[in-house]
Amino acid sequence: MNIKFYIPVIIFIIMLPIFIVGLSRDKSELPSPLIGKSVPEFTLPSLLDPAKSINQSSLKGKFILLNVWATWCVGCREEHDFLVELSKLNILPIIGLNWRDDRDSALNWLNELGNPYALTIEDKAGRTAINLGVYGAPESFLINPEGIILYKHLGPLTTKIWENRFIPLMGQTR
Amino acid sequence: MKKLLIMLIILFSSSVVIAIDKGPVFSDPELQARYENIISEVRCLVCQNQSIKSSNVFLAVDLRNEIKNLLSEGKSDNEIAEFLVDRYGEFVLYRPRFVGANIILWLAPLFFLLIGAMLIFNIVKSRAQLTTDSLTGSD
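First to last, the sequence lines map onto chains A and B.
Anchor point for the first sequence: position 136 equals 136 in the working numbering, and the numbering is continuous, going up by one each time.
Anchor point for the second sequence: position 91 equals 91 in the working numbering, and the numbering is continuous, going up by one each time.
If you're looking for bench data, these hints aren't it; they were derived computationally from the structure.
We treat Cβ as the ideally placed atom computed from N, Cα and C, and that holds for glycine.
Certain hints may be false.
As the list claims (entries may be wrong) - For the chain A half of the interface with chain B, some residues (derived, Cβ under 7 Å), not all of them:
| id | residue |
| --- | --- |
| 1 | F5 |
| 2 | P33 |
| 3 | G36 |
| 4 | K124 |
| 5 | I130 |
| 6 | G133 |
What the hints assert, rightly or not - Listed below are the simulated DSSO-like cross-link pairs for lysine-lysine, each with C-alpha atoms no more than 27 Å apart in a straight line:
| id | chain 1 | residue 1 | chain 2 | residue 2 |
| --- | --- | --- | --- | --- |
| 7 | A | K160 | A | K52 |
| 8 | B | K125 | A | K37 |
| 9 | B | K125 | A | K124 |
| 10 | A | K88 | A | K60 |
| 11 | A | K4 | B | K125 |
| 12 | A | K124 | B | K75 |
| 13 | A | K4 | A | K88 |
| 14 | A | K4 | A | K37 |
| 15 | A | K62 | A | K52 |
| 16 | A | K60 | A | K37 |
| 17 | A | K52 | A | K124 |
| 18 | A | K62 | A | K160 |
| 19 | A | K124 | B | K53 |
| 20 | A | K62 | A | K88 |
| 21 | A | K60 | A | K124 |
| 22 | B | K75 | B | K53 |
| 23 | A | K37 | B | K2 |
| 24 | B | K68 | B | K53 |
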């Protein structure tokens, strides 16, 4: 048999995995270039106590889950019950970043649905969100005690994602 | 006919809406040109396949503001591209930069063109060989 006959077959076999990977990837989810980097510098007020100012060094010392949320965000409502449950387990403090929101609506939300956050930072101008590379709430960052971002999840958190993606990363470095 | 006319009017007037900033942002025409050039090259990540120039999602508005500030601070176009890539990754730029893995992207067409040229050259050569062979054979 002529070797030329096999050339299309070989090309097909090379292309197949490329297409499978390319087509099954979720294009809306992008890898964050911030993974492995420090939390960007910021100085922002606390949502509950606007007189209090918070900066990146307030987040150091233990593992934290930084959750970007807003009352206009549908996915945030979806994941809220999970966050409340998670906060009850006392595994790590959950820090909220209230993104481009109205303060009163945000406070109402926390009163009505429960407040899972040890601390909520108010980013009204959205500049810290840009520095964090946020483009779609909800987004959740796992940050280690040294203030390094270990992982970012885009979209509502669930028990499954929490156990499969976040828990293993905390075990490694602890 | 009337419906068609209305549809056509809507179709062609919609392009006017694309200009989002009300009037120029910079008084310096050179800065304004750079600003417009940059924002048309940055992908709006919320509404992928739109640039932040043509989107009014608030993230696009925020990013335009950020770029405006960086330009006023005297940052170069490259520095601004870097600022965006550091936060959102290479995907944020419509025109991939000639660095890292992007080089493959830039050079791949050239590579395939070369392979194609080599294939054509070989086929033409072997066919020419074939004709001369058969000619000398029948002689």
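Check the hint pairing K75 (chain B) with K53 (chain B) against an upper bound of 27 Å on the C-alpha distance. holds, 19 Å
Hint check: 7 Å Cβ-Cβ cutoff, G133 (chain A) to chain B: holds, 4 Å
Please work out if K4 (chain A) and K88 (chain A) have their alpha carbons no farther apart than 27 Å. violated, 66 Å
Holds or violated: is there a CB of chain B closer than 7 Å to the CB of G36 (chain A)? violated, 12 Å
Distance restraint between K125 (chain B) and K124 (chain A), which requires alpha-carbon spacing of 27 Å or less: violated, 69 Å
Restraint check for K4 (chain A) with K37 (chain A), where alpha carbons must lie at most 27 Å apart: Measuring from Cα to Cα gives roughly 50 Å; hence the hint is violated.
Is the hinted pair K62 (chain A) and K88 (chain A) satisfied, with a Cα-Cα distance of at most 27 Å? holds, 17 Å
K37 (chain A) paired with K2 (chain B) [C-alpha distance capped at 27 Å]: Not OK: K37 (chain A) and K2 (chain B) at ~60 Å, beyond 27 Å, violated.
Proposed proximity, K124 (chain A) with K60 (chain A) (alpha carbon, max 27 Å): holds, 23 Å
Is K52 (chain A) close enough to K124 (chain A), meaning Cα to Cα at most 27 Å? Holds, at about 15 Å.
Between the alpha carbons of K125 (chain B) and K37 (chain A), is the straight-line distance 27 Å or under? Violated. K125 (chain B) to K37 (chain A) sits at ~56 Å, over the 27 Å cutoff.
Quickly compare the C-alpha distance for K124 (chain A) and K75 (chain B) to 27 Å and report which way the hint goes. Satisfied, since the Cα-Cα distance of roughly 25 Å is no more than 27 Å.
The structure does not agree with the numbered hints 1, 3, 4, 7, 8, 9, 13, 14, 23 stated previously, though it agrees with the rest.
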